[in-house]
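A.B. asks: The primary structure of each chain is shown beneath.
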Amino acid sequence: MSESIPPVSVIQNKDIRIVEFTNNKILDEANIADIGQTLISLIDERDYPKLLLDFSSVDHLSSAALGMLININNRVKKKNGQLRLANIKQQILEVFLLTKLNKLFRILPSRDEALASFTQ
Amino acid sequence: MSISGANNDDRRKHRPAGEHRSSSDSARSDSSPVRVTIPSDFGASREIQKQIIDRVVRCGFGDQAIFAIKLALEEAMINAIKHGNKLDPAKSVHIAYHVTPQQAEITVEDEGGGFDRHCVPDPTADENIEKCSGRGILLMEAYMTSVEYGANGRRVKMIKKNEEQATPHLSS
Chain A
1 MSESIPPVSV IQNKDIRIVE FTNNKILDEA NIADIGQTLI SLIDERDYPK
51 LLLDFSSVDH LSSAALGMLI NINNRVKKKN GQLRLANIKQ QILEVFLLTK
101 LNKLFRILPS RDEALASFTQ
Chain B
1001 MSISGANNDD RRKHRPAGEH RSSSDSARSD SSPVRVTIPS DFGASREIQK
1051 QIIDRVVRCG FGDQAIFAIK LALEEAMINA IKHGNKLDPA KSVHIAYHVT
1101 PQQAEITVED EGGGFDRHCV PDPTADENIE KCSGRGILLM EAYMTSVEYG
1151 ANGRRVKMIK KNEEQATPHL SS
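If you read the protein sequences in the order shown, they are chains A and B.
Going by this note's numbering, the first sequence opens with residue 1, and the numbers climb by one from there.
Going by this note's numbering, the second sequence opens with residue 1001, and the numbers climb by one from there.
Any given hint could turn out to be false.
In silico lysine-lysine, BS3-like type, Cα no more than 30 Å apart, as pairs [what the hints assert, rightly or not]:
no.	chain 1	residue 1	chain 2	residue 2
1	A	Lys100	B	Lys1091
2	B	Lys1050	A	Lys14
3	A	Lys77	A	Lys100
4	A	Lys25	B	Lys1091
5	A	Lys25	A	Lys79
6	A	Lys79	B	Lys1161
7	A	Lys77	B	Lys1091
8	B	Lys1082	B	Lys1157
9	B	Lys1050	A	Lys79
10	B	Lys1086	A	Lys25
11	A	Lys78	B	Lys1082
12	A	Lys14	A	Lys25
13	B	Lys1161	A	Lys100
14	B	Lys1157	B	Lys1091
15	B	Lys1091	A	Lys103
16	A	Lys25	B	Lys1161
17	B	Lys1050	A	Lys77
18	A	Lys89	A	Lys78
19	B	Lys1091	A	Lys89
20	B	Lys1131	B	Lys1157
21	A	Lys103	A	Lys14
22	B	Lys1050	B	Lys1091
23	A	Lys89	B	Lys1161
24	A	Lys79	A	Lys100
25	B	Lys1082	B	Lys1161
26	B	Lys1131	A	Lys77
27	A	Lys14	A	Lys77
28	B	Lys1086	B	Lys1050
29	A	Lys89	A	Lys14
30	A	Lys14	A	Lys78
31	B	Lys1157	A	Lys79
32	A	Lys89	A	Lys100
Stretches of chain B that chain A covers, calculated by requiring three or more beta carbons in the stretch to come under 8 Å of a beta carbon on chain A [to be verified]:
no.	stretch
33	1120 to 1129
34	1137 to 1149
Simulated from the structure, these hints should not be mistaken for lab results.
Glycine residues also receive a C-beta, built at the ideal position from the N, C-alpha and C atoms.
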């Protein structure tokens, strides 16, 4: 059933791609791999990729999902791109704080603030 | 390696999650301890995780505690299946859980080589922050009330106290 639904939906806003997660859980290995692949192809399409991950629908994630996000961050950096995370619910934000990944990622409270934070 | 005797007969011992209940009497209290053995398979794991969380919800744990148990259980199961048993279908994962309104106690044991907790590098250290793994144990220990390792690291026992049950909601 859920296998046929793409793991993310992408909205283009000028040169920024806004990514929304379609599942409220980023847990399953297969789902995480699927999301990772989709994000990698978005990154590889452009020279200076600008990616905004909107977490507003996400209620659960695992360390495997964090690993995938770190991988994505490294890939964006390699291409001199910019990655922003936004709309992370409090419980999920605590996971980022505990793992100190708030130091690695640029996390902004809202989508608007994240959009405004991209540089040319 | 202990898989020399593994064959299809060994796989037959795996039954759907729930059949290994120590209390076969379904009329027994929902809070009785349960033991389950599953194959090293994410689908089987998902099923047992759901059973445990259903019980946690029924025992009146709060949202924060449910989130914590869900996360820690996910990490423990992935550790057992992927890192412990290395996805070997001939190896099993043994789960024991005892959920009461006071606390949830969950033990997960794999049949892998075990590990030494003290040798796991700190994933929050600057030199490790960009590495993709090593956060599962950190999250389990942060979110559960206690986490103990046994059987050379093949077994993890986690307890989460239900701190919110001391203040029950009053309903009319």
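A.B. asks: Against each hint, give a clear statement of whether it holds in the structure.
C.D. replies: Verification of the supplied hints:
For the suggested pair Lys100/A and Lys1091/B, the alpha carbons sit about 35 Å apart, so the restraint of at most 30 Å is broken. For the hint linking Lys1050/B to Lys14/A, the alpha-carbon distance of about 42 Å lies beyond 30 Å, and the restraint is violated. Distance hint between Lys77/A and Lys100/A is fulfilled; the C-alpha atoms sit about 19 Å from each other, no more than 30 Å. Our distance criterion of 30 Å between C-alpha atoms is met by Lys25/A and Lys1091/B, whose separation comes to about 27 Å.
Between Lys25/A and Lys79/A, the direct Cα distance comes to roughly 28 Å. Compliance with the 30 Å bound is thereby established for this hinted pair. With a C-alpha separation of about 46 Å, the suggested pairing of Lys79/A with Lys1161/B is violated against the 30 Å cut-off. About 40 Å separates the Cα atoms of Lys77/A and Lys1091/B, which puts this hinted pair outside 30 Å; it is violated. Simply put, Lys1082/B and Lys1157/B have alpha-carbon atoms about 18 Å apart, close enough for the 30 Å limit, and the pair holds.
With a C-alpha separation of about 40 Å, the suggested pairing of Lys1050/B with Lys79/A is violated against the 30 Å cut-off. Between Lys1086/B and Lys25/A, the direct Cα distance comes to roughly 24 Å. Compliance with the 30 Å bound is thereby established for this hinted pair. Between Lys78/A and Lys1082/B, the direct Cα distance comes to roughly 29 Å. Compliance with the 30 Å bound is thereby established for this hinted pair. This hinted pair checks out: Lys14/A and Lys25/A have alpha carbons roughly 29 Å apart, not beyond 30 Å.
Pair hint Lys1161/B plus Lys100/A holds up; C-alpha atoms about 25 Å apart against a cutoff of 30 Å. Between Lys1157/B and Lys1091/B, the direct Cα distance comes to roughly 19 Å. Compliance with the 30 Å bound is thereby established for this hinted pair. Restraint check: the Cα-Cα separation between Lys1091/B and Lys103/A comes to about 39 Å, which exceeds 30 Å; the hinted pair is violated. Proposed proximity of Lys25/A and Lys1161/B is supported: the alpha carbons are some 24 Å apart, at most 30 Å.
This hinted pair does not check out: Lys1050/B and Lys77/A have alpha carbons roughly 38 Å apart, beyond 30 Å. A C-alpha spacing of about 28 Å is found between Lys89/A and Lys78/A, which places the hinted pair at or below 30 Å, so the restraint holds. Among the hinted pairs, Lys1091/B with Lys89/A is inconsistent with the structure: their alpha-carbon atoms are about 37 Å apart, more than 30 Å. Between Lys1131/B and Lys1157/B the alpha-carbon distance is near 26 Å, which keeps this suggested pair within the 30 Å criterion.
Taking the CA atoms of Lys103/A and Lys14/A, the gap is near 27 Å; set against the 30 Å cutoff, the hint holds. Between Lys1050/B and Lys1091/B, the direct Cα distance comes to roughly 21 Å. Compliance with the 30 Å bound is thereby established for this hinted pair. With a C-alpha separation of about 24 Å, the suggested pair Lys89/A and Lys1161/B falls inside the 30 Å cut-off, and the hint holds. Using a Cα cut-off of 30 Å, the hinted pair Lys79/A and Lys100/A holds, with the two alpha carbons roughly 24 Å apart.
At roughly 28 Å between alpha-carbon atoms, Lys1082/B and Lys1161/B fall within 30 Å of each other, so this suggested pair holds. For the hint linking Lys1131/B to Lys77/A, the alpha-carbon distance of about 14 Å falls within 30 Å, and the restraint holds. This hinted pair checks out: Lys14/A and Lys77/A have alpha carbons roughly 20 Å apart, not beyond 30 Å. Proximity of Lys1086/B to Lys1050/B is assessed by CA-CA distance (about 22 Å); at most 30 Å being required, the pair is judged to hold.
Of the pairs offered as hints, the one joining Lys89/A and Lys14/A holds, with about 26 Å between alpha carbons and a cut-off of 30 Å not exceeded. Taken as a hint, the Lys14/A and Lys78/A pair is honoured in the structure, with Cα atoms around 22 Å apart against an allowance of 30 Å. Of the pairs offered as hints, the one joining Lys1157/B and Lys79/A is violated, with about 43 Å between alpha carbons and a cut-off of 30 Å exceeded. Note on Lys89/A and Lys100/A: the hinted pairing holds, with a Cα-Cα distance of about 16 Å set against a maximum of 30 Å.
Check on the stretch 1120 to 1129 of chain B: 3 of its residues sit with their Cβ under 8 Å from a Cβ of chain A, so the three-residue criterion for coverage holds. Under the rule that three or more residues need a Cβ within less than 8 Å of chain A, the assignment of the stretch 1137 to 1149 of chain B holds, with 3 such residues.
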